[in-house]
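Q: Sequence order for the protein chains is A, B and C.
full-length UniProt numbering applies: residue 1 is where the first sequence begins, and numbers increase by one.
full-length UniProt numbering applies: residue 1 is where the second sequence begins, and numbers increase by one.
full-length UniProt numbering applies: residue 1 is where the third sequence begins, and numbers increase by one.
Note that these hints are calculated values from the structure, not bench results.
Glycine included, each C-beta is placed from N, C-alpha and C at the ideal position.
Check before you lean on any hint, since a few could be wrong.
[Said to hold, decoys possible] In the EDC-like style, the derived pairs of lysine to aspartate or glutamate whose C-alpha atoms are separated by at most 16 Å in a straight line are: (1) B:Lys128 with C:Asp100; (2) A:Lys531 with A:Glu452; (3) A:Lys111 with A:Glu452; (4) B:Lys127 with C:Asp99; (5) A:Lys374 with A:Asp489; (6) C:Lys87 with B:Asp125; (7) A:Lys501 with A:Glu445; (8) C:Lys93 with A:Asp489; (9) C:Lys98 with A:Glu445.
[Claimed, not checked] Pair by pair, the computed Cβ-Cβ distance ranges are: (10) C:Gln2 with B:Met72: 25 to 33 Å; (11) B:Gly145 with A:Ser20: 21 to 29 Å; (12) A:Ser614 with C:Met67: 52 to 60 Å; (13) A:Ser20 with B:Phe146: 27 to 35 Å; (14) B:Arg160 with C:Met67: 57 to 65 Å; (15) C:Met67 with A:Leu623: 21 to 29 Å; (16) C:Gln2 with B:Val26: 48 to 56 Å; (17) B:Thr112 with C:Met67: 49 to 57 Å; (18) C:Gln2 with B:Asn75: 45 to 53 Å; (19) A:Leu17 with B:Arg160: 36 to 44 Å; (20) B:Gly145 with A:Ile617: 50 to 58 Å; (21) A:Ser72 with B:Phe146: 47 to 55 Å; (22) A:Leu623 with C:Gln2: 19 to 27 Å; (23) B:Leu4 with C:Met67: 56 to 64 Å.
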Amino acid sequence: MQEVLFLIPALPLVGFLILSLAGRHLSKQVIAVVGAGVVCIAAIATIWLGINFLQIPPENGAYTVTLWRWMSVANFNCSFSLRVDALSLVFLFVITFVGALIHIYSAGFMKHDRDYARFFASMNLFVCAMLILVMADNLVLMYLGWEGVGLCSYLLIGFWYETTANVQAANKAFYITRIGDTAMAIGLFLLFRELGTLDIPSIQNAAPEHFVKNSSLITSIALLLLAGGMGKSAQVPLQTWLPDAMAGPSPVSALIHAATMVTAGVYLVARMHGVFQLSPFVMNITAIVGAVTLLVAGCSAMVQTDIKRILAYSTISQLGYMFLALGVGAWSAGIFHFFTHAFFKALLFLAAGAVIESLHHEHGIFKMGGLKNKLPVVFYTFLAGAAALAALPLVTAGFFSKDQVLWYAWSAEGGSPLLWLIALAGAFITAFYTTRLMLVVFWGEAKTHVSEAPGRLMTWPLIILALLSVVAGFIEWPHNLLHVTLFSDVVQKVLPPVTEKEPIPSEAIFQLIAVVATLSGVYTGYLLYKKNTSIVAKWKQVPALVGLRNFFFSGWRFDQLYHTLFVRPFVFVTNLNKQDVIDKIYTGIVSMFQWLNGIFSVSQDGSVRTYVISVLIGIIFILALQFIL
Amino acid sequence: MNYLFYISSIVAIAATVMVITRHQPVHALLYLVVSFLGVAMIFLSLGAPFVATLEIILYAGAIIVLFIFVVMMLNLGRESAIQERQWMQPKTWIGPSILTAILLGELLVLLTMGGSAPMPQQTVDLKKIPLSLYGEYVIAVELTGFLLMAGIVGAAHIGRHKKKYLHRFLKQEEEAV
Amino acid sequence: MQSYSVLVVAAILFVLGLLGVLTRRNIIFILISIEIMLNAAGVAFVAAGARWGQPDGQVMFLFILAMAASEVSVGLALVMQVYHQHKTLDVSKLNNLKDDIEV
Numbered sequence: 001m002q003e004v005l006f007l008i009p010a011l012p013l014v015g016f017l018i019l020s021l022a023g024r025h026l027s028k029q030v031i032a033v034v035g036a037g038v039v040c041i042a043a044i045a046t047i048w049l050g051i052n053f054l055q056i057p058p059e060n061g062a063y064t065v066t067l068w069r070w071m072s073v074a075n076f077n078c079s080f081s082l083r084v085d086a087l088s089l090v091f092l093f094v095i096t097f098v099g100a101l102i103h104i105y106s107a108g109f110m111k112h113d114r115d116y117a118r119f120f121a122s123m124n125l126f127v128c129a130m131l132i133l134v135m136a137d138n139l140v141l142m143y144l145g146w147e148g149v150g151l152c153s154y155l156l157i158g159f160w161y162e163t164t165a166n167v168q169a170a171n172k173a174f175y176i177t178r179i180g181d182t183a184m185a186i187g188l189f190l191l192f193r194e195l196g197t198l199d200i201p202s203i204q205n206a207a208p209e210h211f212v213k214n215s216s217l218i219t220s221i222a223l224l225l226l227a228g229g230m231g232k233s234a235q236v237p238l239q240t241w242l243p244d245a246m247a248g249p250s251p252v253s254a255l256i257h258a259a260t261m262v263t264a265g266v267y268l269v270a271r272m273h274g275v276f277q278l279s280p281f282v283m284n285i286t287a288i289v290g291a292v293t294l295l296v297a298g299c300s301a302m303v304q305t306d307i308k309r310i311l312a313y314s315t316i317s318q319l320g321y322m323f324l325a326l327g328v329g330a331w332s333a334g335i336f337h338f339f340t341h342a343f344f345k346a347l348l349f350l351a352a353g354a355v356i357e358s359l360h361h362e363h364g365i366f367k368m369g370g371l372k373n374k375l376p377v378v379f380y381t382f383l384a385g386a387a388a389l390a391a392l393p394l395v396t397a398g399f400f401s402k403d404q405v406l407w408y409a410w411s412a413e414g415g416s417p418l419l420w421l422i423a424l425a426g427a428f429i430t431a432f433y434t435t436r437l438m439l440v441v442f443w444g445e446a447k448t449h450v451s452e453a454p455g456r457l458m459t460w461p462l463i464i465l466a467l468l469s470v471v472a473g474f475i476e477w478p479h480n481l482l483h484v485t486l487f488s489d490v491v492q493k494v495l496p497p498v499t500e501k502e503p504i505p506s507e508a509i510f511q512l513i514a515v516v517a518t519l520s521g522v523y524t525g526y527l528l529y530k531k532n533t534s535i536v537a538k539w540k541q542v543p544a545l546v547g548l549r550n551f552f553f554s555g556w557r558f559d560q561l562y563h564t565l566f567v568r569p570f571v572f573v574t575n576l577n578k579q580d581v582i583d584k585i586y587t588g589i590v591s592m593f594q595w596l597n598g599i600f601s602v603s604q605d606g607s608v609r610t611y612v613i614s615v616l617i618g619i620i621f622i623l624a625l626q627f628i629l
Numbered sequence: 001m002n003y004l005f006y007i008s009s010i011v012a013i014a015a016t017v018m019v020i021t022r023h024q025p026v027h028a029l030l031y032l033v034v035s036f037l038g039v040a041m042i043f044l045s046l047g048a049p050f051v052a053t054l055e056i057i058l059y060a061g062a063i064i065v066l067f068i069f070v071v072m073m074l075n076l077g078r079e080s081a082i083q084e085r086q087w088m089q090p091k092t093w094i095g096p097s098i099l100t101a102i103l104l105g106e107l108l109v110l111l112t113m114g115g116s117a118p119m120p121q122q123t124v125d126l127k128k129i130p131l132s133l134y135g136e137y138v139i140a141v142e143l144t145g146f147l148l149m150a151g152i153v154g155a156a157h158i159g160r161h162k163k164k165y166l167h168r169f170l171k172q173e174e175e176a177v
Numbered sequence: 001m002q003s004y005s006v007l008v009v010a011a012i013l014f015v016l017g018l019l020g021v022l023t024r025r026n027i028i029f030i031l032i033s034i035e036i037m038l039n040a041a042g043v044a045f046v047a048a049g050a051r052w053g054q055p056d057g058q059v060m061f062l063f064i065l066a067m068a069a070s071e072v073s074v075g076l077a078l079v080m081q082v083y084h085q086h087k088t089l090d091v092s093k094l095n096n097l098k099d100d101i102e103v
């Protein structure tokens, strides 16, 4: 079993190599078969691995395989070793399975694109890097995957590089995540200096003994690691890159910027839970960051008009929920929300991609409308995804995970009523903007002509994901209903269980409140965008509300803030130093040598006689030295 | 033998002075032959008859013939002599004469400074020359063979009459003009 | 006869050749002067060999001879070529390698 572990990341790598080296000589069919095929095989291998894992749990709770020694310097040893435990397995399953569906979808979605091979090559490389990230046994290898997914994200956001805006979006994503990555690298250095190792199991074992709980050292390490996770997972204040990242093709948004890469931060925090638990302060920060993010992004999602930007802000907001869950100590709830979110958000992006494709690349939701009857498959699948996002009770996966997060936001050790209240407001907002999106896009009258319905390659992944969006939540039920805990049983072999506060209020009341919030959100959306649209028109007359709307629309003006705080001072300083003061030294040296050259070039007059005389004078001089010395 | 040496030295030096002051190339070459013959006599007086013979055959024979051929092919007659006369102003001699005089002075001082010994009067055994030539100096003989080969090929290549061909730098210069 | 007297003769011949190289403008005369200088060096070698009664000086003269032969053949070929291309034998006009850098 352990021997075939390497196949899972190796297969997409093989696909990448084939497509990048020979891609231009292959037909589109072959490219699609290779590109999607390797990921599908990896998915099958992962499922087989998972079945084995669940039937006969390995010793120590993890499969480990060391492929080769990567580097060995003094007392620093780093091997290329893979490790799969329950937490990695959840991520592995999502990456390969959702990845495979998205690859199949892409085969249909990208069929008219020139750079078919480049697209699949980048996607395969991404899958490979992401698998290395979650399978890594040590943090150095994980960092390799971490940077690898950042690179692929950059390549794929800027996939249509002829448009300047896409390239700028790619650059922005790259720069901003780099801030987090640098913080994370410093955190890794600190960890290594303190513990002398970067192997994840050794860190988990050694950290509680080595560090004093709540000491400033462990706090700074945890904060730096958290900053890395915040950059990758687009948490406030490093969230501004994700809405712009929607410049990439829709499957890219689904795979990288919804289902997998942006959850790498969640994975990092969960993976390093041993470190984070030593610093309750950082845990609180994590929860607060998550809460702030979900509120900020939710508010922005309410007023966006671009279908993909709505989904992007909603992704940020859902990531906020995950961070909130991790921060309050509800580790498995955070991972569970990641699990369900991966399905329904991938589904929403893919369905949105199908809508955009059928409407001649129209992104604005107010130019859509009436698609309910024209694109029935897309409509029903989108409906399933949207219901899961809004967390409609009992029938959707999103309900089970979000309910758990909400419940623990109050009742878990690090929870507090305020966090719960914010999360509840977030649930209301989520339900509201999801309803708005559904009503505007699929009901009402048609505003743009539908060119072609998506083909079977595109609809089948949608249907499978829609089914999963509904049923994926059934593996984990609340404690007071049914009490099924399949998911947390598996994950809690790795992650610590939740410690609940005493006294705990009744869970049923909280669920009822959450349901009421969700339903009232849906009803508000229905009221404003279907039943009585004149209210919105009336609000547009009020200047204060329009100002608020613009504030939200621009993403709480974070971009403008960063522009004023960082970009303009930097441009100012560079303008000051346009002449480059330090360069003066070098130009001075250059001009000195030019001057010397001018003097010495007089001696090169091209005349043989001068040269002979020079030689003669030299001989006379040397002979004269014989008398002196 | 001493008289032979001194007389031939005087002849060689006088002939050399004539060589570097002549206007006509052919006259200079004739004095050069005399100079070579004088040097050959010096060799003879030093007890080196073999190199004296080679001096006459190769220097006075072959190399002079080469020079004469070139002078003939370039057809350097009266015009070039007039040209030389114009070039040979006394003032062109002043600077080089001073410099070379200084050099000669230094050389003489250095040569006489190191003490002296009477020259032995016996001849070096002729057999010794080829033995050491093909013994310890065999590598140098090989290298000399390369040098002569390169000289022949180089002369044949450079001396070929081809159409006027300028180096690319000179060509640009010409175009610019 | 003292050993330095031969070397003095060689030095005088060498300096005369050098003077010729410095004063003459015709390439053929410069080549002739170079031959004189090489010859003077040969005299010095042979004198040194005779002083110690060893054959090495004469062997060196043989090498100088071979070198002079190849030098003259290449040099004269160059003279032909120069005359053919520039229609002059004046070395002061053959100064195309002058560095004309303006500062």
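Q: Take the hints in turn and mark each one as holding or not.
A: Comparing the hints with the structure gives:
1. Of the supplied pair hints, the one linking lysine 128 (chain B) and aspartate 100 (chain C) is violated, its CA atoms being roughly 55 Å apart against a limit of 16 Å.
2. As the CA atoms of lysine 531 (chain A) and glutamate 452 (chain A) are separated by approximately 30 Å, the hinted pair breaks the 16 Å bound.
3. With a CA separation close to 14 Å, the supplied pair lysine 111 (chain A) and glutamate 452 (chain A) stays within the 16 Å bound.
4. In summary, the hint linking lysine 127 (chain B) to aspartate 99 (chain C) is not supported, as the alpha carbons are separated by about 54 Å, beyond the 16 Å threshold.
5. With a C-alpha separation of about 44 Å, the suggested pairing of lysine 374 (chain A) with aspartate 489 (chain A) is violated against the 16 Å cut-off.
6. The hinted pair formed by lysine 87 (chain C) and aspartate 125 (chain B) fails the criterion: a straight-line CA distance of about 51 Å is larger than 16 Å.
7. With a C-alpha separation of about 51 Å, the suggested pairing of lysine 501 (chain A) with glutamate 445 (chain A) is violated against the 16 Å cut-off.
8. Distance restraint check for lysine 93 (chain C) and aspartate 489 (chain A): the Cα-Cα separation of roughly 99 Å exceeds the 16 Å cut-off, and the hinted pair is therefore not satisfied.
9. With a C-alpha separation of about 86 Å, the suggested pairing of lysine 98 (chain C) with glutamate 445 (chain A) is violated against the 16 Å cut-off.
10. Under the hint 25 to 33 Å, the C-beta atoms of glutamine 2 (chain C) and methionine 72 (chain B), about 44 Å apart, miss the expected range.
11. With their beta carbons about 58 Å apart, glycine 145 (chain B) and serine 20 (chain A) fall outside the hinted range of 21 to 29 Å.
12. Taking 52 to 60 Å as the suggested C-beta distance range, the pair serine 614 (chain A) and methionine 67 (chain C) does not conform, at roughly 23 Å.
13. Take serine 20 (chain A) and phenylalanine 146 (chain B): their Cβ atoms lie about 53 Å apart, and the range 27 to 35 Å is violated.
14. Range check, arginine 160 (chain B) to methionine 67 (chain C): about 23 Å between beta-carbon atoms, so the 57 to 65 Å window is missed.
15. Checked against the hint of 21 to 29 Å, the pair methionine 67 (chain C) and leucine 623 (chain A) passes, with Cβ atoms roughly 24 Å apart.
16. Between glutamine 2 (chain C) and valine 26 (chain B) the beta carbons are some 38 Å apart, a value that contradicts the proposed interval 48 to 56 Å.
17. The hinted range of 49 to 57 Å is not satisfied by threonine 112 (chain B) and methionine 67 (chain C), whose Cβ atoms lie roughly 29 Å apart.
18. Taking 45 to 53 Å as the suggested C-beta distance range, the pair glutamine 2 (chain C) and asparagine 75 (chain B) conforms, at roughly 48 Å.
19. A beta carbon spacing of about 57 Å between leucine 17 (chain A) and arginine 160 (chain B) contradicts the range 36 to 44 Å that was offered as a hint.
20. One distance hint, 50 to 58 Å for the beta-carbon pair glycine 145 (chain B) and isoleucine 617 (chain A), is violated here, with the actual separation near 36 Å.
21. The beta-carbon spacing between serine 72 (chain A) and phenylalanine 146 (chain B), approximately 53 Å, falls within the hinted interval of 47 to 55 Å.
22. Between leucine 623 (chain A) and glutamine 2 (chain C) the beta carbons are some 21 Å apart, a value that agrees with the proposed interval 19 to 27 Å.
23. In this structure the hint that leucine 4 (chain B) and methionine 67 (chain C) lie 56 to 64 Å apart at CB is violated, the actual value being about 28 Å.
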